[in-house]
Amino acid sequence: MAENPLERLDTFELVKLGKASVTVGGLAAALLIIAAALIASRLTAAGLQRLRARAAGSAASLYIVEKVLTYGLVIIGLVAGLSTMGLDLTSLAVFAGALGVGVGLGLQGMVKDFASGISLVFERLVAVGDFVELPNGQRGVVHEVGPRATRIRTNDSTDLIVPNSVLVNDLVINWTLRNTNRRIRVPFVTAFGVDKQKVREAVLKAARSVPFTSPDDAVRRTQVWLVGYGEHALKFELIVWPTVEAVRRPAAIFAAYTWAIDDALREAGIEIPYPQRDLRVRGLFGEEGEDALTSLKLEPAARRRKAKAAKPGSSNDAALDLEREDPDDPPLSPSPPAAPSKG
Numbered sequence: 001m002a003e004n005p006l007e008r009l010d011t012f013e014l015v016k017l018g019k020a021s022v023t024v025g026g027l028a029a030a031l032l033i034i035a036a037a038l039i040a041s042r043l044t045a046a047g048l049q050r051l052r053a054r055a056a057g058s059a060a061s062l063y064i065v066e067k068v069l070t071y072g073l074v075i076i077g078l079v080a081g082l083s084t085m086g087l088d089l090t091s092l093a094v095f096a097g098a099l100g101v102g103v104g105l106g107l108q109g110m111v112k113d114f115a116s117g118i119s120l121v122f123e124r125l126v127a128v129g130d131f132v133e134l135p136n137g138q139r140g141v142v143h144e145v146g147p148r149a150t151r152i153r154t155n156d157s158t159d160l161i162v163p164n165s166v167l168v169n170d171l172v173i174n175w176t177l178r179n180t181n182r183r184i185r186v187p188f189v190t191a192f193g194v195d196k197q198k199v200r201e202a203v204l205k206a207a208r209s210v211p212f213t214s215p216d217d218a219v220r221r222t223q224v225w226l227v228g229y230g231e232h233a234l235k236f237e238l239i240v241w242p243t244v245e246a247v248r249r250p251a252a253i254f255a256a257y258t259w260a261i262d263d264a265l266r267e268a269g270i271e272i273p274y275p276q277r278d279l280r281v282r283g284l285f286g287e288e289g290e291d292a293l294t295s296l297k298l299e300p301a302a303r304r305r306k307a308k309a310a311k312p313g314s315s316n317d318a319a320l321d322l323e324r325e326d327p328d329d330p331p332l333s334p335s336p337p338a339a340p341s342k343g
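Just so you know, the UniProt record's numbering puts 89 at position 89 of the sequence shown, and the rest follows in order with no gaps.
Keep in mind that the hints were calculated from the coordinates and are not lab data.
Fair warning: there could be bad hints in the mix.
Straight-line Cα separation of at most 35 Å, DSBU-like style, residue types lysine-lysine; simulated pairs [as the list claims (entries may be wrong)]: (1) Lys205 / Lys235; (2) Lys112 / Lys67; (3) Lys235 / Lys198; (4) Lys235 / Lys196.
Bear in mind that the values here come from a model prediction, so they are computed numbers and not experimental data.
Using the sequences provided together with the hints, build the complete structure.
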């Protein structure tokens, strides 16, 4: 009986590696197994990504599960495929060792980034949804931790591709690691001689009018500090605790408080100083005092300050920007409840 051509093709030897023979049939079966593992890995990743989008509180944990399962399926598929081809994996130890030396020398940076990526996934020092600040000062939300690099999106919708080794080895600030509020300091100045209590009351009222200010509790309180004396002014700082959502937009929250403080000081009639020189006109064209200034079409300083006083309720664009939601941002877990206030 004549031999079936398909059987002959299936047993046709392509190459011999040691005692193992790689046949056409074995190679085809190995490729099918590896392809099935890759497809299963992609489907698993897609399903977990959809689940992660709906489960805001478990996004970081689901991301770790996704990476472990997808990497695991690919590795299992590769091992099973090599075994199906008839290769004895123990016989490849010498070859793997030599390959490892070559990889270590030629692809040292890539291997370092890959190992750092695994460290990031399991240690969870930087997770998807965290707001981080890089060593160069750039800040953004972590969107993806890949095998070699992490993708971070800034508040200007710019994607940064950062090698994983940078996040592991360099100083990186994670603003939302514990998912709690962060205190910020907003500096401002007033003229010498102002009523400090009046300044405090006006600025506290302004800070609490910003919708992203956390309510006071036993630990976190909005405060106004007098921190120093400048050449032309008293130096103050607003100490405030914005909400977790606002922490992800530090530039906007800083600008929103600065705008609110300026409105409050002007509305309260508190002078905001600037470097200046006083010029006293004793006489001009035979006139003196305010009559001389009128001749020059100038106004006394007090009248100018009154004219420049801001109307309350001006449009605070930075505060509006804080309400902007980026649909591509990973969900952020809700803030823990505030501690009850004493008394």
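Comparing the hints with the structure gives:
1. Straight-line distance between C-alpha atoms of Lys205 and Lys235 comes to about 19 Å, which keeps the hinted pair within the 35 Å bound.
2. Distance check on the hinted pair: Lys112 and Lys67 sit about 18 Å apart at the alpha-carbon level, within 35 Å; holds.
3. For the suggested pair Lys235 and Lys198, the alpha carbons sit about 15 Å apart, so the restraint of at most 35 Å is met.
4. The hinted pair formed by Lys235 and Lys196 meets the criterion: a straight-line CA distance of about 11 Å does not exceed 35 Å.
In summary, this structure violates none of the numbered hints.
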